[in-house]
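S.K.: Given next are the chains, with one letter for each unit.
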Amino acid sequence: MADDEQDLKEYRWETGYEKTWEAIKEDEDGLVEGLVAEFAQKAARKALTPRRGPVRLGMMRHLLVAIDCSEAMSSQDLKPTRFLCTLKLLEKFIEEFFDQNPLSQLGLITMKNKRAEKITELSGNIRKHIKVVQGLLNLALTGEPSLQNTLEMAHRVLKPLPGHASRELLVLFASLTTCDPGDVNTTIQNLKNEGIRCSVIGLAAEVRICKKLCQDTGGDYGVVLDDVHYRSLLLEHTSPPPRARALDAGLVKMGFPHTAPPSTQSDTEPPITICMCHIDEGEGVGGEGHLCPQCRSKYCSLPAQCRTCGLTLASAPHLARSYHHLFPVDPFEELKNDGQSQFCFACVRSFTDVDKQIYRCNRCVEYYCWECESMISSTLHVCPGCASRPHLYQRLPDTS
Amino acid sequence: MADDEIPSDSSTLVIIVDTNPNQRYITEDPKILTGCLDAVIAFANSHLMQKSRNELAVIGCHFHKSEYLYPSPGKPLDVRQIDGQYELFTLVEKTVKMRLVNLIKSQPQEEKPGESLLAGALAMGLCFISKVRREASPALKISSRILIVTGSSDTAAQYINYMNVFFTAQKQQVLIDVCSLDKHLSLLQQGCDITGGLYLKVPTLEGLLQYLLWVFLPEGSERKQLVLPGRGRVDYRAACFCHRELLTIGYVCSVCLSVFCKFSPICTTCHTVFKIGGPLPIKPKKKKMKV
Ligand SMILES: [Zn+2]
Ligand SMILES: [Zn+2]
Ligand SMILES: [Zn+2]
Ligand SMILES: [Zn+2]
Ligand SMILES: [Zn+2]
Ligand SMILES: [Zn+2]
Numbered sequence: 001m002a003d004d005e006q007d008l009k010e011y012r013w014e015t016g017y018e019k020t021w022e023a024i025k026e027d028e029d030g031l032v033e034g035l036v037a038e039f040a041q042k043a044a045r046k047a048l049t050p051r052r053g054p055v056r057l058g059m060m061r062h063l064l065v066a067i068d069c070s071e072a073m074s075s076q077d078l079k080p081t082r083f084l085c086t087l088k089l090l091e092k093f094i095e096e097f098f099d100q101n102p103l104s105q106l107g108l109i110t111m112k113n114k115r116a117e118k119i120t121e122l123s124g125n126i127r128k129h130i131k132v133v134q135g136l137l138n139l140a141l142t143g144e145p146s147l148q149n150t151l152e153m154a155h156r157v158l159k160p161l162p163g164h165a166s167r168e169l170l171v172l173f174a175s176l177t178t179c180d181p182g183d184v185n186t187t188i189q190n191l192k193n194e195g196i197r198c199s200v201i202g203l204a205a206e207v208r209i210c211k212k213l214c215q216d217t218g219g220d221y222g223v224v225l226d227d228v229h230y231r232s233l234l235l236e237h238t239s240p241p242p243r244a245r246a247l248d249a250g251l252v253k254m255g256f257p258h259t260a261p262p263s264t265q266s267d268t269e270p271p272i273t274i275c276m277c278h279i280d281e282g283e284g285v286g287g288e289g290h291l292c293p294q295c296r297s298k299y300c301s302l303p304a305q306c307r308t309c310g311l312t313l314a315s316a317p318h319l320a321r322s323y324h325h326l327f328p329v330d331p332f333e334e335l336k337n338d339g340q341s342q343f344c345f346a347c348v349r350s351f352t353d354v355d356k357q358i359y360r361c362n363r364c365v366e367y368y369c370w371e372c373e374s375m376i377s378s379t380l381h382v383c384p385g386c387a388s389r390p391h392l393y394q395r396l397p398d399t400s
Numbered sequence: 001m002a003d004d005e006i007p008s009d010s011s012t013l014v015i016i017v018d019t020n021p022n023q024r025y026i027t028e029d030p031k032i033l034t035g036c037l038d039a040v041i042a043f044a045n046s047h048l049m050q051k052s053r054n055e056l057a058v059i060g061c062h063f064h065k066s067e068y069l070y071p072s073p074g075k076p077l078d079v080r081q082i083d084g085q086y087e088l089f090t091l092v093e094k095t096v097k098m099r100l101v102n103l104i105k106s107q108p109q110e111e112k113p114g115e116s117l118l119a120g121a122l123a124m125g126l127c128f129i130s131k132v133r134r135e136a137s138p139a140l141k142i143s144s145r146i147l148i149v150t151g152s153s154d155t156a157a158q159y160i161n162y163m164n165v166f167f168t169a170q171k172q173q174v175l176i177d178v179c180s181l182d183k184h185l186s187l188l189q190q191g192c193d194i195t196g197g198l199y200l201k202v203p204t205l206e207g208l209l210q211y212l213l214w215v216f217l218p219e220g221s222e223r224k225q226l227v228l229p230g231r232g233r234v235d236y237r238a239a240c241f242c243h244r245e246l247l248t249i250g251y252v253c254s255v256c257l258s259v260f261c262k263f264s265p266i267c268t269t270c271h272t273v274f275k276i277g278g279p280l281p282i283k284p285k286k287k288k289m290k291v
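Taken in order, these protein sequences are the chains called X and S.
Counting in the UniProt record's numbering, the first sequence runs from 1 upward without gaps.
Counting in the UniProt record's numbering, the second sequence runs from 1 upward without gaps.
The reader is advised that the hints may include incorrect statements.
[Stated by the list, open to error] With a straight-line cut-off of 16 Å between C-alpha atoms, the simulated EDC-like cross-links for lysine to aspartate or glutamate are:
hint, chain 1, residue 1, chain 2, residue 2
1, S, K141, S, D9
2, X, K356, X, D330
3, S, K171, X, E194
4, X, K92, X, D227
5, S, K171, X, E96
6, S, K141, S, D38
7, X, K159, X, E194
8, S, K171, X, D183
9, S, K97, S, D38
[To be verified] Only some residues are given here: those of chain S computed to face chain X with a beta carbon under 8 Å:
hint, residue
10, H64
11, A157
12, N161
No wet-lab data here; the hints were simulated from the structure.
In this text the structure is predicted, and so the values were computed from the model without any measurement.
Here a beta-carbon is modelled for each residue, glycine too, at the ideal position from N, C-alpha and C.
I would like the entire structure built from these sequences, with the hints used as guidance.
M.R.: Quick look at the structure:
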């Protein structure tokens with residue numbers, strides 16, 4: 001999230017201390033408990049708010065992740081080392097990424113010895129990416145990285161993709177220097193022209209060229225403070241970015257493989273067929289699978305792109321997982337607790353003195369506790385009150 | 001899901017009872033509802049008997065709104081022991097019956113009953129389960145599930161609410177079990193499949209309590225050792241937004257992922273205008289194949 005406030009202050013270390021303790025005061029009865037609870041509530045809510053973005057998102061994402069594998073990664077300021085910490089977080093990132101962007105593709109690049117090397121092709125195969133990340137554990141960390149070579153490679157890989165897909169690069173950069181063969185500014189301009197969004201997470205300190213790269217291409221730049229901060233910076237990239245520029249929107253033809261129930265159960269063995277996604281490895285021979293509705297090629301897992309006819313194959317839940325971005329719940333109104341309601345509509349918890357604020361949905365006019373409010377807006381995306389009222393539950397455009 | 005291997009210290013059960021008067025079994029014989037309700041209450045009490053720390057909620061889903069039948073908000077009812085029955089069981093039975101009568105009385109007279117809005121009740125159930133988890137000590141292993149008992153049919157009208165609820169349940173490791181009293185429910189069956197719960201369409205209503213006790217009483221970790229009804233085949237075709245028909249090949253808006261059965265120049269959901277010239281060409285991946 002690029003907030004202008006931070007940019008004015010130039011560097012993180014110039015922003016000064018936050019004197020949180022000064023805000024703690026006793027209430028009329030000389031008690032701090034209520035205030036502490038309110039504090040905790042505010043902090044928890046603040047952590048959630050930046051997630052509410054604009055509704056139009058680029059959802060078929062293509063993301064390249066470039067991992068610095070140079071000497072700078074062996075530093076031990078992150079435990080056990082910058083590199084091992086990165087690999088551990090990356091595994092989690094890959095899983096979360098596909099959880100939130102089910103029809104998307106990911107590719108991994110390593111940066112070392114002035115070179116950029118593709119270690120996985122762009123694909124939606126989670127297992128493959130994780131296997132490769134785990135395989136990096138014993139990699140020798142040598143030389144200097146080259147930012148420009150990495151950007152050039154990302155440009156080559158992402159440029160040919162159709163315009164309706166979002167194209168992104170995320171660089172995990174530990175080095176304070178880069179070894180570039182030419183003028184990196186030209187490369188940045190090329191990326192900008194293609195609408196490729198580049199973000200950088202710095203593991204050491206702020207580097208001017210990285211900041212410029214992110215600003216010019218509309219990406220995010222963050223510098224890690226510790227491993228917890230690293231984790232949250234990295235996971236922020238799992239939620240879809242706001243559409244950086246007017247991408248060409250399109251209608252994509254898609255197949256939804258439908259497995260017909262077996263006709264006669266034990267009489268005839270199902271014909272032996274080979275799964276197309278495992279054809280290279282020589283495994284995946286068996287009966288069960290999803291057939292491409294256009295050419296009958298078989299795949300053992302979805303989503304996949306048919307290797308024979310090119311159709312994108314998915315199942316309904318793969319699409320539905322992203323629908324909450326489309327129809328977000330209208331934010332609830334925060335009200336001072338004046339006894340409007342005795343209990344939370346969703347979880348039947350009684351409101352007590354600790355609940356200084358309660359929340360009201362202005363469509364169904366039900367009252368909620370702050371915990372339910374944050375669960376509804378961040379995870380559930382369904383207002384329980386609205387969803388059980390005949391006049392309010394529908395959020396689809398009415399087509400009847 | 002790694003931690004449903006280990007038996008839990010406590011289990012939370014939310015039962016959603018569909019009380020919509022337009023269910024076929026009720027329109028045929030309104031008295032059967034009482035029988036079903038007794039079976040559900042007996043089942044709920046069996047759950048409380050399993051472990052002393054077990055938690056229970058019962059939500060009534062009527063056509064005009066859903067409400068907690070148990071626990072009652074605020075102070076619990078005052079119950080005295082009746083012929084040796086454990087007080088808690090009496091409390092559950094009394095509270096559920098009294099609050100159900102109030103729920104039915106509050107239904108608008110002039111309105112015709114529509115579809116049962118089970119997705120809303122499921123959302124309430126998930127909030128209840130989160131609350132129980134928040135209030136419990138962190139060392140306690142809690143398993144949670146929601147059981148829906150319904151004789152309604154399902155339509156695509158609640159599709160998005162259902163999907164949001166199913167994926168939240170999956171993330172929070174809450175099983176969704178469905179006991180259908182009448183028709184096959186393909187959407188709710190998807191929910192069982194996504195969350196790892198059980199789906200059962202009972203053949204007769206007479207033996208309802210037996211089905212509930214045999215199939216739905218064991219919690220997730222105990223189910224592996226039992227022979228329970230299989231998942232069966234789940235239909236995962238997408239429904240088009242224009243006609244709500246199931247498709248094997250469809251067109252998906254790249255901005256909002258809405259599904260349509262034919263090409264149209266504008267997306268009716270997000271109002272994006274597509275480039276003319278038909279759907280995007282798809283280039284097959286160049287890949288050498290040895291067959
Ligand atoms: Zn396969
Ligand atoms: Zn095909
Ligand atoms: Zn609540
Ligand atoms: Zn509402
Ligand atoms: Zn249609
Ligand atoms: Zn659209």
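S.K.: Compare the structure with each hint and give your call.
M.R.: Status of the hints after comparison with the structure:
1. S/K141 with S/D9: Holds, because 5 Å separates the two Cα atoms, which is no more than 16 Å.
2. X/K356 with X/D330: Violated, at about 22 Å.
3. S/K171 with X/E194: Roughly 36 Å separates the two Cα atoms, so the pair is violated.
4. X/K92 with X/D227: holds (13 Å)
5. S/K171 with X/E96: holds (11 Å)
6. S/K141 with S/D38: Roughly 30 Å separates the two Cα atoms, so the pair is violated.
7. X/K159 with X/E194: Distance ~7 Å between X/K159 and X/E194 Cα, so the pair holds.
8. S/K171 with X/D183: Given pair S/K171, X/D183 is violated - Cα atoms ~46 Å apart, limit 16 Å.
9. S/K97 with S/D38: holds (9 Å)
10. H64: holds (6 Å)
11. A157: For S/A157, the interface hint holds, since the closest Cβ of chain X sits about 6 Å away, which is under 8 Å.
12. N161: This interface hint holds because 5 Å falls under the 8 Å limit.
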